[in-house]
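Number of protein chains: 2
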Amino acid sequence: MKLFDDPISGNGYKIRLLLSQLNKPYTYQKVDIGKGETRTEAFLALNPNGRIPLLALDGGQIIAESNAILFYLSEGTGYLPTDGLSRAHVLQWMFFEQYSHEPYIAVLRHWLKHLGRAEDEEIRERRAKGYAALDVMESHLKDQDFFVGETYSIADIALYAYTHVAEEGGFDLSNYPSVREWLSRVAAQPGYIGIEEVPDG
Amino acid sequence: MKLFDDPISGNGYKIRLLLSQLNKPYTYQKVDIGKGETRTEAFLALNPNGRIPLLALDGGQIIAESNAILFYLSEGTGYLPTDGLSRAHVLQWMFFEQYSHEPYIAVLRHWLKHLGRAEDEEIRERRAKGYAALDVMESHLKDQDFFVGETYSIADIALYAYTHVAEEGGFDLSNYPSVREWLSRVAAQPGYIGIEEVPDG
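Order-wise, the sequence lines are chains A and B.
Everything in the first sequence is counted per the numbering used here, starting at 17 for the first residue and increasing by one.
Everything in the second sequence is counted per the numbering used here, starting at 17 for the first residue and increasing by one.
If you're looking for bench data, these hints aren't it; they were derived computationally from the structure.
A quick note: this is a predicted structure, and the numbers were derived from the prediction, not measured.
Wrong hints could be hidden among the right ones.
Identical chains share a label here; the pair holds if one copy fits it or two copies do between them.
DSSO-like mimics (lysine-lysine), calculated; alpha carbons at most 30 angstroms apart, straight line [claimed, not checked]:
#1 Lys158 with Lys145
#2 Lys145 with Lys40
#3 Lys18 with Lys158
#4 Lys40 with Lys158
#5 Lys145 with Lys18
#6 Lys46 with Lys18
#7 Lys18 with Lys129
#8 Lys18 with Lys40
#9 Lys145 with Lys129
#10 Lys129 with Lys46
#11 Lys51 with Lys18
I would like the entire structure built from these sequences, with the hints used as guidance.
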């Protein structure tokens, strides 16, 4: 299979991390968001929504949306629970990530680290909402080691990707001890790779 | 089971619609967002993220996030396909809905219809992004009757909820013929109920 991805993307890192942990071979196709490569006619033919990561299966079928790709790849593995309620909770945290976390924590990292945008009112508003997401995570992780049950799953991968680099968006995690311990537990999982470890391609 | 929901919510309507189509009995618990009822200590104990809809199962277990609830309730029914790739595509469209559609199309409906906010720059920016989501939907629906395969699924429910009331947020659907035909197909499904049809509670 082939992963279309920009190395700067935490959403892409989710897939790189899981594929490493599953020890699955794949081809890596760099797509440079900054150069507009997600907006070319060729790329829009693959994903009309113009976003990476995008997974192309060997038969040519395409899956978009990082968390949908995680779900697809983890089915039948230890990274996705089998019972209905736990699966619902995995999805609950992945939808939380995309709606209440990524638009604040990932977007501020992009604006500050990649675009060099200066602090302004919109950044302050988004930072407050990012801290609200971190508050929810801290409260949940006080009682358990991972987001769903006591087992590392794709819910942890989805939330880890941008949380562990939140400081690049100006977030201070020093008041989030449970989150920081959880970050260490994720980084200690077998097959772990860092966000900077990107295949050639 | 018990559904915590605000009657004005399209996210809640997704669950009301599916439960009607599944012919499942449930208790309805109104939670008034406008009166701050999602921010009380009692509600935050159920969902620390302070959002409806929220489903409480008979055993007391809680599921948050509308699309995670849809997935849980539809498992084993005709509203969720069984093969891995189709399930990935259902999730792809549900993540698209929460990331690229709801923050624009649902939020503008709330601002205009419920809060009476006047047109401003932020509304114009969000409206452009809402139209971009409608463009993606129109392009996809040119070739097929429903979002995944040729069968009505929870992907359609998730996208229908706010699309069919997009005009309340100032969106004009007249240039989206495939979307409008799809809206009619959804409204013709067995067990369909309208967004205003809310149980007593």
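Right, here's what the structure says about each hint:
| no. | hint | verdict |
| --- | --- | --- |
| 1 | Lys158 with Lys145 | within (20 angstroms within a copy, 37 angstroms between copies) |
| 2 | Lys145 with Lys40 | neither (36 angstroms within a copy, 36 angstroms between copies) |
| 3 | Lys18 with Lys158 | between (38 angstroms within a copy, 27 angstroms between copies) |
| 4 | Lys40 with Lys158 | neither (33 angstroms within a copy, 35 angstroms between copies) |
| 5 | Lys145 with Lys18 | between (35 angstroms within a copy, 29 angstroms between copies) |
| 6 | Lys46 with Lys18 | within (10 angstroms within a copy, 47 angstroms between copies) |
| 7 | Lys18 with Lys129 | within (27 angstroms within a copy, 44 angstroms between copies) |
| 8 | Lys18 with Lys40 | within (11 angstroms within a copy, 42 angstroms between copies) |
| 9 | Lys145 with Lys129 | both (19 angstroms within a copy, 24 angstroms between copies) |
| 10 | Lys129 with Lys46 | within (19 angstroms within a copy, 43 angstroms between copies) |
| 11 | Lys51 with Lys18 | within (21 angstroms within a copy, 49 angstroms between copies) |
In this structure, the earlier hints numbered 2 and 4 are contradicted, and the remaining ones agree with it.
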